[in-house]
Amino acid sequence: MNLSFVVIHAGTFRMGLEIGANEAAKRYGGESNWYDNEQPRHSVTLTRDFELATTPVTRGEFAAFVAATGYQTEADVDGYAQIYNGTKFAKTPGRSWRDPDFMQTDDHPVVCVTHKDATAFCDWLSRQDGRRYRLPSEAEWEYAYRAGTDDAWTWGNDPAAGVGHANCADATAKQTYPTWTTFDWSDGLLNTSPVAAFKPNKWGLFDLAGNAWEWTGNWFAPYSADAATDPTGPADGTHRVLRGGAWFGAPLSSRAAYRSKVSPGYRGSNVGFRVLREID
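The sequence shown begins at 1 in the working numbering and counts up by one.
None of these hints come from the bench; they were simulated from the model. Accuracy of the hints is not assured; some may be wrong.
Here are the simulated DSBU-like pairs of lysine-lysine, each with C-alpha atoms no more than 35 Å apart in a straight line [as the list claims (entries may be wrong)]:
#1 K88 - K261
#2 K116 - K261
#3 K116 - K199
#4 K199 - K91
#5 K174 - K199
#6 K88 - K199
#7 K174 - K116
#8 K174 - K91
#9 K202 - K261
#10 K202 - K116
#11 K199 - K261
#12 K174 - K261
#13 K174 - K202
#14 K174 - K88
Between beta-carbon pairs, the in silico distance windows are [to be verified]:
#15 D36 - T179: 15 to 25 Å
#16 D78 - T229: 20 to 30 Å
#17 Y71 - D236: 21 to 31 Å
#18 D123 - S263: 35 to 45 Å
As the structure is a prediction and not an experimental result, all values here were calculated from the model. Here a beta-carbon is modelled for each residue, glycine too, at the ideal position from N, C-alpha and C.
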């Protein structure tokens, strides 16, 4: 499988609530409670270079894995996925990555996959060439999103400047869902788009904001104010961390610092993943 990767060099960054976030909150509804799990901001050092896939895993790539291994996703086994019904993501019989209730082609991000499904894909890749593939840690993911900046979004601190940079909830979505909190611009899309259809961040990574939420390797836990080195989170827990927002994502949830926590068995039509390849 010919996945594309970018080398991410070791370094130190400030993880958590970013400069300008409060101003963005005031503009988009003042939802200050969204920031609770992003604080306190703290210094994180990553000591090893790694390679991160330039895009989320696509339907076509995931289909190749399924064809090669006979793997059945948790949605396949259980007979349902969580699909947006106009109010919430609800258990919907018969839905899975094969049919998330909207049209996709093989170059769209795979969705309706659980944390276990994403890990199984990574393990399969590892067996193919003897190198270790895995989900990025939450810290590795945010470090890559920020790409050496302190900006709120991949394109900067002005939400209005995001047109062409991310497939998020916007004026197009608001026509169908008028109660949504959205960006002011319009990209003509309601659900997922082909990966890399929008501009990359400064390190050449696509779709870190929007398109599909991305699983990380972390169990969720509150932040500490202490500086951390190569943090991977707690050894266990009840919720896994998602990052990046999605086609469904409001402006606040597509920011660098935003953290979402869900059951590892969640298989929503807004959730996918990208892979990290370790450098020996």
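Quick rundown of the hints versus the structure:
no.	hint	in the structure
1	K88 - K261	16 Å, holds
2	K116 - K261	15 Å, holds
3	K116 - K199	30 Å, holds
4	K199 - K91	33 Å, holds
5	K174 - K199	22 Å, holds
6	K88 - K199	29 Å, holds
7	K174 - K116	33 Å, holds
8	K174 - K91	23 Å, holds
9	K202 - K261	27 Å, holds
10	K202 - K116	30 Å, holds
11	K199 - K261	27 Å, holds
12	K174 - K261	25 Å, holds
13	K174 - K202	29 Å, holds
14	K174 - K88	15 Å, holds
15	D36 - T179: 15 to 25 Å	23 Å, holds
16	D78 - T229: 20 to 30 Å	39 Å, violated
17	Y71 - D236: 21 to 31 Å	24 Å, holds
18	D123 - S263: 35 to 45 Å	21 Å, violated
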